[in-house]
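Visitor: So the protein sequences, as listed, match chains A, B, C and D. The numbers in the numbering used here rise by one with no breaks, and the one at position 186 of the first sequence is 186. In the numbering used here, each residue's number is its place in the second sequence (first place is 1) plus 309. In the numbering used here, each residue's number is its place in the third sequence (first place is 1) plus 618. In the numbering used here, each residue's number is its place in the fourth sequence (first place is 1) plus 927.
Any given hint could be a false lead.
Unchecked claim - Derived pair list, reagent style SDA-like, types lysine to any residue, alpha-carbon separation capped at 20 Å:
#  : chain 1 : residue 1 : chain 2 : residue 2
1  : C       : K626      : B       : H467
2  : B       : K419      : C       : P620
3  : D       : K1040     : A       : M1
4  : B       : K422      : A       : T281
5  : A       : K10       : D       : V1143
6  : C       : K731      : D       : K1074
7  : C       : K626      : B       : D379
8  : C       : K626      : B       : N476
9  : A       : K283      : B       : A415
10 : C       : K693      : C       : R795
11 : C       : K731      : D       : Q1232
12 : A       : K8        : D       : T1208
13 : A       : K283      : B       : K422
14 : C       : K728      : D       : E1198
15 : D       : K1074     : C       : P620
16 : A       : K75       : D       : D997
17 : B       : K443      : B       : G471
To be verified - Coverage of chain A stretches by chain B, computed from C-beta distances (three or more under 8 Å per stretch; other residues unrestricted):
#  : region
18 : 53-66
19 : 87-99
Unchecked claim - Only part of the chain D face toward chain C is listed, based on derived beta-carbon distances under 7 Å:
#  : residue
20 : G1042
21 : R1045
22 : D1185
The hints are simulated quantities; they were obtained by calculation from the structure and are not laboratory data. Cβ coordinates follow ideal geometry from the N, Cα and C atoms, glycine included.
Protein chains: 4
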Amino acid sequence: MPSVSHIKIKDRMSILSLAEQMEAVKVLGPGRFGKAARILGDMFRDTNCMKFVSLAGPLIPGGLRTVITDLVQRKYLDGIVTTGANVTHDVLEALGHRHIVGSENADDVKLRKRGLSRIYDLYVTQHSIEALEKATYRMLDHIPESKRRNMGSFELLHELGGQLKDNNSLLRTAKIRGAAIFCPGIFDSMLGLHLWTYSRLHPLVINPLRDFTRLVDMTYERKRVGVIILGGGMPKHQVLIANTYRGGVDAAIQITLDRPDGGGFSGAPLEEAISWGKVKTPKNLVTVVGDATVLFPVLALAALQQQRT
Amino acid sequence: MPSVSHIKIKDRMSILSLAEQMEAVKVLGPGRFGKAARILGDMFRDTNCMKFVSLAGPLIPGGLRTVITDLVQRKYLDGIVTTGANVTHDVLEALGHRHIVGSENADDVKLRKRGLSRIYDLYVTQHSIEALEKATYRMLDHIPESKRRNMGSFELLHELGGQLKDNNSLLRTAKIRGAAIFCPGIFDSMLGLHLWTYSRLHPLVINPLRDFTRLVDMTYERKRVGVIILGGGMPKHQVLIANTYRGGVDAAIQITLDRPDGGGFSGAPLEEAISWGKVKTPKNLVTVVGDATVLFPVLALAALQQQRT
Amino acid sequence: MPSVSHIKIKDRMSILSLAEQMEAVKVLGPGRFGKAARILGDMFRDTNCMKFVSLAGPLIPGGLRTVITDLVQRKYLDGIVTTGANVTHDVLEALGHRHIVGSENADDVKLRKRGLSRIYDLYVTQHSIEALEKATYRMLDHIPESKRRNMGSFELLHELGGQLKDNNSLLRTAKIRGAAIFCPGIFDSMLGLHLWTYSRLHPLVINPLRDFTRLVDMTYERKRVGVIILGGGMPKHQVLIANTYRGGVDAAIQITLDRPDGGGFSGAPLEEAISWGKVKTPKNLVTVVGDATVLFPVLALAALQQQRT
Amino acid sequence: MPSVSHIKIKDRMSILSLAEQMEAVKVLGPGRFGKAARILGDMFRDTNCMKFVSLAGPLIPGGLRTVITDLVQRKYLDGIVTTGANVTHDVLEALGHRHIVGSENADDVKLRKRGLSRIYDLYVTQHSIEALEKATYRMLDHIPESKRRNMGSFELLHELGGQLKDNNSLLRTAKIRGAAIFCPGIFDSMLGLHLWTYSRLHPLVINPLRDFTRLVDMTYERKRVGVIILGGGMPKHQVLIANTYRGGVDAAIQITLDRPDGGGFSGAPLEEAISWGKVKTPKNLVTVVGDATVLFPVLALAALQQQRT
């Protein structure tokens, strides 16, 4: 029976060295974190691996926008499955608006009166959301009507990405680098409200079946599939269920604060997905319990440092 | 400053009496639980209130199917916004299949080989999911093609509900009682996979914009809107965002194990929704921290007992 | 393979009937809650069972003081293992002070200036804590010095209980009914600070070895041992480890919001305790995920209703 | 109003640079993590600051033994307040025993038969616990009887530390470097059981009042006090309450997976402690939501890298 080893910190050590020491612990949090860093590094290195990330929770407004965009830019991510909120926040910033540092103890009635909407301790201005409406309408007008009558969200987001100017934009970078962004719940967001009001005056059909067809096709395009799950929700489920046709993903890491015992899918361990054919084997799987906005940048840095060796 | 009072249990007391004692505590868990029971009772009593429930997590397979169905049957619920999984599990049972008692420590590789798919400690047979495919196709064939070319999920689910025979079915009961079931992520489920494969051979377009239009319309049909949020995810967000046009909901309770500090919407307090215009005032709002599959039946019983007084 | 059954609510049903329906679900939260109600009912009924409860978290100040006291009064609890805080709050109320309804969003700097100390959304007055000091000194003075030189916490708390007048007091009721209260971390509380300052001027030794000896002796006094674990911490561990000498407890329920994956003992499943010899078999064990201040009163009511049948 | 900035990863960047980028985000998880790294770095640098760490949960067996020991060796930690379990595991390893890599899904009945005791996914052998008994007795025999009749846990642990040979031992290193280890619940552990059985045959009194006196004295010995809280429980409370006499600590970070809404002290925000006089101001306080076994090594590395600049 192997025994637990202990982490030895040296002041000049890289985060990669620390992650390797953690993997050697083999148990509890350090074992899981170290394994996640290694799986992520292997995934990044593997050019025969189609790499998906699922995004739920305030990753884009919460400081990770450039982290994700840079990984797309460097071809470490091929498919992004995201909530509508993360798309909304990317477009808001691409249009020049900023997210504001606030407080989780703020009086929401007062915030409402001041035109500020809250996500835990950050604020979005109602002003920027109104500006988003006009910009969305203008961008939609530029899409040929024939196309607008039957698009997947990934096609819509490519169109928007092509019209945005900000080099830090996830949508723009994905468009340029040929990565696909899927947003299965695009209407369930501020951007989505603007799509809906537009659709009442102009032809616009977002067809989720087109998304699913493209997503399933992508799972067949390379030898292997790897998935990075940040938060849970529909993005997590969508990317995994699309892989059932090919027999499941080959590798996956998830970072979540949701717990498994309630039975919800967000907190479910990746092993459970094996029984559904969404994951192939228990080998390259790991759940790291924690806040993805903290842990993913650290894991990504460790994985990038693996690419240099 | 009011002081905390203490719960006094008497052996013959009803759950309603206990909930009233809890509300009198005014703080911590008992205060929140007691307030939730009172808000729910008020909501049920108010015939001028449009009542929505959002369902995320394994409520239907996890023993609450009849609880929800009976509330629809008795006109205590007008709109249901749910994950695709809960719809899938309702249809599976309506077709005569059963969910199986299992173990959360099962070996998922072995379960896969035995044709069992796992949700924490309950199993679904692959056999039943295959049978679902045939039944889904048959039911879709019965829907006129002209209709199939542009439906909201609520229209599709009414059609399916009309074809199911099981009186305990949520879909059937909703159809009969005129309640609407919205499933913003219907493709993100086993039923959804069958819709997708069908759509590749036959005309079928599920248009989420139709859903959102109907959902928004419903928010205007009565003087007040009340929302019961069981779990988080897109169902929670969808029902709240649809209410922004009317200035927010009037009352809401949520039961969740998700925590707020990660910033995700599932665990966000209802007060935060005030800053987005999704909720009107902080008055009739409460978050109960806990497992909805445990707490909702207890709260529902307390609320029903209020209707008799 | 048994299948999941569904809960059927009837307006007039008792909480016991609902709990029985939940046990029949057999899976997820309802299965765990229903099983806990049944184990608790069996425990209460069994006069050959020594019944312990462990208390961590704000149970006494948070509205459950009378719930616990009444169970002691009715001989359903023989041993209480608790944090110092719960003892402190019992004595505060016994001296006529009240806990105040507050807010979790209060400004703690302002509260400090106003002489209010906060536990989530309830307050304690500094005034009452100062009054506690005088009362504690007075009560200690009444204990013979020879006794004071070597007491277990259970002996000290019997002495205090004998001097308090409040019939709702846990300490007084335990004294009268012969139940023992163990407080392994008694110094780690406001009452403990007063014990410490007293000890600097007067003879006072609280000897934890005496506590442990008495606790272990109690585990041998009846055929069976049952444990109710409310919250985690040292109270949970102390009561379980004391039972290793007799080969483990026979039945246990725990209610906790702590999660297992961090590896801490508070969130650890009861099954893990089998490997340590703290629990005998997996038969009569269940963990209910949730807030003990909400769930315990409900479970206790269901268990009491079982005694009448 | 300041705006949220985004993290920019560069492959060669140090964990310190990443932590600085996170602090600049200012909100959500990254803001909290970055602030914690900065507070920890400031604390380490400040020679006029008395530095305490509280340990709850499986830090020593879970791979962080050397991390903690090295910080003591380098004088970055002056006082350690810990559960009995962490002391037990340090002594076990110092005696040459190892912790074993296991599985959280193991059958605990079988483990029991095989003489293995489980902490989530790591095992301890019963053999090593029996060997601990003999070694403990032997070490106790070497302590002069007069001393044994009235010791604080910090004195006992200094004695044991002086007798252990392992340079990686926390107890030995603390003894050599003059750091104090307080264990307010020392009897509540396997080591504690051996102390208890010893005490039934030989004179041994562990007097918690001596511990508290020494702990309070330490809080006065330097201009400032800083506290690192890993996990919650009594170690967290003990170190904070001891600082009330001097008006509260000057700086504190805590890493925890426990949530605040249950009202328990383990998950309580540090701000709440201001209202109790345990913390001075809200300035240098931060709670990082997460698993301390993962996050503390990363934060410690970032803080150590700050010492070099």
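Visitor: Now tell me if each hint is right for this structure.
Guide: To see whether the hints hold, each was checked on the structure:
For a cut-off of 20 Å, the pair hint linking K626/C to H467/B is broken: about 24 Å separates their Cα positions. For the suggested pair K419/B and P620/C, the alpha carbons sit about 19 Å apart, so the restraint of at most 20 Å is met. About 16 Å separates the Cα atoms of K1040/D and M1/A, which keeps this hinted pair within 20 Å; it holds. A threshold of 20 Å between alpha carbons decides the hint, and for K422/B with T281/A the separation of about 12 Å falls inside it, so the pair holds.
Distance check on the hinted pair: K10/A and V1143/D sit about 33 Å apart at the alpha-carbon level, beyond 20 Å; violated. Note on K731/C and K1074/D: the hinted pairing is violated, with a Cα-Cα distance of about 44 Å set against a maximum of 20 Å. With a C-alpha separation of about 8 Å, the suggested pairing of K626/C with D379/B holds against the 20 Å cut-off. Taking the CA atoms of K626/C and N476/B, the gap is near 13 Å; set against the 20 Å cutoff, the hint holds.
Proximity of K283/A to A415/B is assessed by CA-CA distance (about 16 Å); at most 20 Å being required, the pair is judged to hold. Distance check on the hinted pair: K693/C and R795/C sit about 7 Å apart at the alpha-carbon level, within 20 Å; holds. Under the criterion of a C-alpha separation no larger than 20 Å, the hint pairing K731/C with Q1232/D is inconsistent with the structure, at around 39 Å. Only pairs whose Cα atoms come within 20 Å are accepted, and K8/A paired with T1208/D is rejected, the gap being roughly 34 Å.
Straight-line distance between C-alpha atoms of K283/A and K422/B comes to about 17 Å, which keeps the hinted pair within the 20 Å bound. Taking the CA atoms of K728/C and E1198/D, the gap is near 11 Å; set against the 20 Å cutoff, the hint holds. At most 20 Å may separate the alpha-carbon atoms for a hinted pair to count; K1074/D and P620/C exceed this at roughly 63 Å. As the CA atoms of K75/A and D997/D are separated by approximately 40 Å, the hinted pair breaks the 20 Å bound.
Straight-line distance between C-alpha atoms of K443/B and G471/B comes to about 17 Å, which keeps the hinted pair within the 20 Å bound. Using a Cβ-Cβ cut-off of 8 Å, 4 residues of the region 53-66 of chain A lie near chain B, which meets the minimum of three, so the contact claim holds. Residues of the region 87-99 of chain A lying with their CB closer than 8 Å to a CB of chain B number 0, which falls below the three-residue condition for coverage. The closest approach between the C-beta of G1042/D and any C-beta of chain C is roughly 10 Å, which is over the 7 Å cut-off, so the hint fails.
At its closest, the beta carbon of R1045/D sits 4 Å from a beta carbon of chain C; the interface hint therefore holds under the 7 Å criterion. Interface hint status for D1185/D: upheld, as the beta-carbon distance to the closest one in chain C is roughly 6 Å, under 7 Å.
Going through the hint list in order, the structure does not satisfy hints 1, 5, 6, 11, 12, 15, 16, 19 and 20.
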